[in-house]
Amino acid sequence: MMSMSLEEIYAKLTDILREIFDDDSLAARPDLTADQVAGWDSFAHLRLMFKAEQTFKITFAASQISALRDVGQLADLIQSKVTA
Amino acid sequence: MSTELYRDVAWLPPVPGDFRQQCRKLATPGAFDVRALRRLAGYALDESKLRILAGVLEAARAAGNSLAPLSPFRLGVVSNGNVEPIVPALVATAVRYGIALECCAAGFGQTVQEAMSPQSTINAARPDAVLLALDYRVLPLSPAPADGERARAAVAEALALIATLRDGFRTHAHAISLVQTLAPPVESMFGSFDRRLEGSMRSVVAAFNAAVADSLSASNDVLFDVASLAETVGLADWHSPKQWHLAKLPFDAKLVPLYAEHVCRIIAALLGKARRCLVLDLDNTIWGGAIGDDGLEGIVIGQGDATGEAYLEMQRSALELRSRGIVLAVSSKNEDAIARSAFASHPEMLLQEDHIAVFQANWGDKAANIAAIAAELSLGLDAMVFVDDNPAERMFVRETLPEVAVPELPDDPALYARTLAAAGYFEALAFTEEDRRRPEFYRSNTRRAAFELQARDLTEFLASLDMEISFRPFDAMGRSRIAQLINKSNQFNLTTRRYTEQEIAALELDPHAFTLQVRLRDRFGDNGMIGIVICRERSPEEWDIDTWLMSCRVLGRGVERMVLREILHHARAGGVRRVIGRYVPTQRNELVREHYPTLGFTFADSDGLGATTWIIQTDADIEAAPMALDRSAFERGTAERA
Numbered sequence: 001m002m003s004m005s006l007e008e009i010y011a012k013l014t015d016i017l018r019e020i021f022d023d024d025s026l027a028a029r030p031d032l033t034a035d036q037v038a039g040w041d042s043f044a045h046l047r048l049m050f051k052a053e054q055t056f057k058i059t060f061a062a063s064q065i066s067a068l069r070d071v072g073q074l075a076d077l078i079q080s081k082v083t084a
Numbered sequence: 001m002s003t004e005l006y007r008d009v010a011w012l013p014p015v016p017g018d019f020r021q022q023c024r025k026l027a028t029p030g031a032f033d034v035r036a037l038r039r040l041a042g043y044a045l046d047e048s049k050l051r052i053l054a055g056v057l058e059a060a061r062a063a064g065n066s067l068a069p070l071s072p073f074r075l076g077v078v079s080n081g082n083v084e085p086i087v088p089a090l091v092a093t094a095v096r097y098g099i100a101l102e103c104c105a106a107g108f109g110q111t112v113q114e115a116m117s118p119q120s121t122i123n124a125a126r127p128d129a130v131l132l133a134l135d136y137r138v139l140p141l142s143p144a145p146a147d148g149e150r151a152r153a154a155v156a157e158a159l160a161l162i163a164t165l166r167d168g169f170r171t172h173a174h175a176i177s178l179v180q181t182l183a184p185p186v187e188s189m190f191g192s193f194d195r196r197l198e199g200s201m202r203s204v205v206a207a208f209n210a211a212v213a214d215s216l217s218a219s220n221d222v223l224f225d226v227a228s229l230a231e232t233v234g235l236a237d238w239h240s241p242k243q244w245h246l247a248k249l250p251f252d253a254k255l256v257p258l259y260a261e262h263v264c265r266i267i268a269a270l271l272g273k274a275r276r277c278l279v280l281d282l283d284n285t286i287w288g289g290a291i292g293d294d295g296l297e298g299i300v301i302g303q304g305d306a307t308g309e310a311y312l313e314m315q316r317s318a319l320e321l322r323s324r325g326i327v328l329a330v331s332s333k334n335e336d337a338i339a340r341s342a343f344a345s346h347p348e349m350l351l352q353e354d355h356i357a358v359f360q361a362n363w364g365d366k367a368a369n370i371a372a373i374a375a376e377l378s379l380g381l382d383a384m385v386f387v388d389d390n391p392a393e394r395m396f397v398r399e400t401l402p403e404v405a406v407p408e409l410p411d412d413p414a415l416y417a418r419t420l421a422a423a424g425y426f427e428a429l430a431f432t433e434e435d436r437r438r439p440e441f442y443r444s445n446t447r448r449a450a451f452e453l454q455a456r457d458l459t460e461f462l463a464s465l466d467m468e469i470s471f472r473p474f475d476a477m478g479r480s481r482i483a484q485l486i487n488k489s490n491q492f493n494l495t496t497r498r499y500t501e502q503e504i505a506a507l508e509l510d511p512h513a514f515t516l517q518v519r520l521r522d523r524f525g526d527n528g529m530i531g532i533v534i535c536r537e538r539s540p541e542e543w544d545i546d547t548w549l550m551s552c553r554v555l556g557r558g559v560e561r562m563v564l565r566e567i568l569h570h571a572r573a574g575g576v577r578r579v580i581g582r583y584v585p586t587q588r589n590e591l592v593r594e595h596y597p598t599l600g601f602t603f604a605d606s607d608g609l610g611a612t613t614w615i616i617q618t619d620a621d622i623e624a625a626p627m628a629l630d631r632s633a634f635e636r637g638t639a640e641r642a
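These protein sequences, in sequence, are chains D and X. For what it's worth, this note's numbering labels the leading residue of the first sequence as 1, then goes sequentially. For what it's worth, this note's numbering labels the leading residue of the second sequence as 1, then goes sequentially.
What the hints contain is simulated information worked out from the structure, not anything from laboratory work. Being a predicted model, the structure only gives us computed values, none of them experimental. Hints should not be assumed to be uniformly reliable.
Some chain X residues near chain D, calculated using beta-carbon distances under 10 Å [claimed, not checked]: (1) Lys25; (2) Gly55; (3) Pro85; (4) Gln113; (5) Met116; (6) Gln119; (7) Thr121; (8) Ala156; (9) His245; (10) Leu246; (11) Lys254; (12) Arg436; (13) Arg437; (14) Leu629.
Backbone N, C-alpha and C fix where the C-beta goes; we use that ideal spot for every residue, glycine too.
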């Protein structure tokens with residue numbers, strides 16, 4: 001994977017969010033946070049991160065997983081890894 | 001490539017794009033449909049889709065929907081890690097195997113308490129089985145290189161823990177245990193030397209795995225060989241240090257669907273749901289090319305060519321399955337004579353016509369042919385696996401006969417055999433002499449079907465079979481086969497009561513039970529054990545037929561009459577006046593609805609739900625069928641007692 005635009009990353013993140021939380025009204029936005037989504041607890045957060053690792057074929061360190069504050073930071077982190 | 005095969009459970013058909021929409025539709029009130037649920041469970045679902053499907057099932061259950069015809073099964077799960085992601089995956093995967101699973105889990109090391117306390121969450125739930133999902137972290141092991149004594153003590157301590165858990169669940173919940181082997185950790189101490197060094201983690205895990213497998217041999221508890229599963233996908237992929245540290249996941253979450261598949265296969269085997277017949281397509285499935293087009297010389301099969309060897313491998317695995325009791329059949333769109341010519345005349349073919357119980361080469365549709373094969377073999381459609389390289393045929397069969405398992409095949413024939421093996425359709429918990437010989441029985445039966453058409457009348461035909469029926473009470477020698485029949489016979493089974501091997505052993509000594517194992521020989525060979533009867537003494541004058549089941553292979557030969565004569569003979573000898581028979585209907589035993597009235601029993605009672613009770617006087621005269629009778633085992637027993 002050479003590089004990926006932020007738009008593509010957000011599109012894929014939207015798919016992931018909808019599947020993890022089984023909710024088609026969800027859309028990945030930079031300011032989306034866990035407390036805005038029903039069921040986004042700490043374990044769901046890990047499932048989301050593992051799913052993102054599989055989808056984007058990247059890996060996160062444990063410290064990166066727990067440091068994320070919103071979907072914007074997640075998208076930026078993914079972009080830094082897929083283009084690295 | 002092979003990692004993806006296992007991780008993505010790639011033998012299952014790909015998930016349709018509207019999977020979640022279909023789930024949501026099923027979850028709307030009034031729209032629940034078990035068949036639709038089962039179809040959705042058949043796709044290659046990942047962890048989050050399994051969770052969604054489990055949610056649909058749980059909602060249906062909570063709303064009071066019936067989950068029939070799924071077989072109910074209650075599973076306890078204990079673990080030294082986090083079982084949260086495993087439970088929904090098990091519930092959803094079980095549906096794929098026709099099982100309505102209720103899971104009751106205790107994670108994070110709540111193991112000994114759960115087993116020992118009669119009131120624990122798991123014991124109170126009265127599970128049928130408990131999965132001991134323990135990993136290598138249960139070993140009380142600090143590095144003990146070259147310290148054999150400490151290493152052995154660590155293994156002994158871990159084994160004692162397992163024994164305590166098994167005992168506890170057996171005593172308090174009457175549950176069997178599914179005991180896991182340990183996936184060895186990846187990290188080595190010295191390198192290759194670890195294998196030789198007593199006390200290295202690798203050696204200790206190997207010693208534990210060997211000992212734990214051994215410790216199960218005298219029990220009904222079942223082994224789940226996680227070590228070999230983890231080695232198959234690769235230990236480095238199995239163990240995720242990060243996921244352990246973050247969430248105490250005992251293995252990588254992306255392997256949860258595969259793990260759940262393997263657990264559910266074992267449960268399915270316990271419930272007698274393993275498949276029994278492999279139906280093979282021919283062209284481009286067991287040889288390269290189309291024999292009708294390419295001719296006998298044109299097909300690709302045999303040594304010296306990579307593609308030819310790949311197809312040989314597929315044939316070899318079919319033969320291996322046959323050697324362990326799986327019946328082989330062929331369904332091919334071909335001219336019969338041309339298709340058979342490859343078997344008869346191609347020098348490189350491993351499979352021979354003799355190996356194939358039913359050979360259907362014609363231009364009819366494959367679903368009709370597979371149904372005909374199942375009928376010919378007296379097997380249910382849910383016992384069949386169909387392998388075909390052609391995706392259109394696969395889809396047609398899946399849609400027409402959803403009960404038949406049809407694996408996806410990769411493009412490369414080199415992976416056909418591995419894909420079939422990975423799908424695990426034929427999981428078995430034991431292997432008996434009769435399993436080994438079963439394909440022979442079926443071969444005799446195929447010849448017999450042709451023979452039957454020529455026989456002028458039935459009595460003459462039956463007499464021409466030179467049958468000899470023999471009766472023995474239950475004994476240790478027959479025990480594991482008896483357990484197998486009791487737990488998997490569905491069609492000719494009057495009450496479909498399942499008993500564990502332990503309960504069967506207890507019957508051998510029960511003075512208030514009369515038991516029969518029935519064997520039948522004929523001119524084509526030994527059919528092995530083909531019938532089981534358990535009678536219970538209801539009063540000194542009355543016996544109750546608790547269990548009567550028979551193999552459908554011997555239908556239409558008068559065996560039932562001979563069995564009834566035998567029951568009445570022993571009943572009379574014991575001063576019994578009446579024998580009571582009961583028919584309890586299931587999805588699968590319509591065949592024997594009229595069993596008792598046909599034999600001359602009179603109607604006694606009905607419960608309004610289809611179950612009926614029948615009665616016969618022990619002095620009733622039942623016509624014998626044309627076969628020799630051997631009850632010497634009983635006579636020897638009487639002589640010994642006297």
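Outcome of the hint check:
1. Lys25: With Cβ-Cβ at 13 Å, over 10 Å, it is violated.
2. Gly55: holds, 7 Å
3. Pro85: holds, 7 Å
4. Gln113: Violated: closest Cβ of chain D sits about 23 Å from Gln113 (chain X), beyond 10 Å.
5. Met116: violated, 29 Å
6. Gln119: violated, 28 Å
7. Thr121: This hint is violated: Thr121 (chain X) lies away from chain D, its Cβ roughly 20 Å from the closest one there, beyond 10 Å.
8. Ala156: violated, 35 Å
9. His245: holds, 6 Å
10. Leu246: Since the shortest Cβ distance to chain D is 5 Å, the answer is holds.
11. Lys254: holds, 6 Å
12. Arg436: violated, 43 Å
13. Arg437: violated, 46 Å
14. Leu629: At 64 Å from the nearest chain D Cβ, Leu629 (chain X) fails the 10 Å test, so the hint is violated.
Hints 1, 4, 5, 6, 7, 8, 12, 13 and 14 from the list above are not met by this structure, while the remaining hints are.
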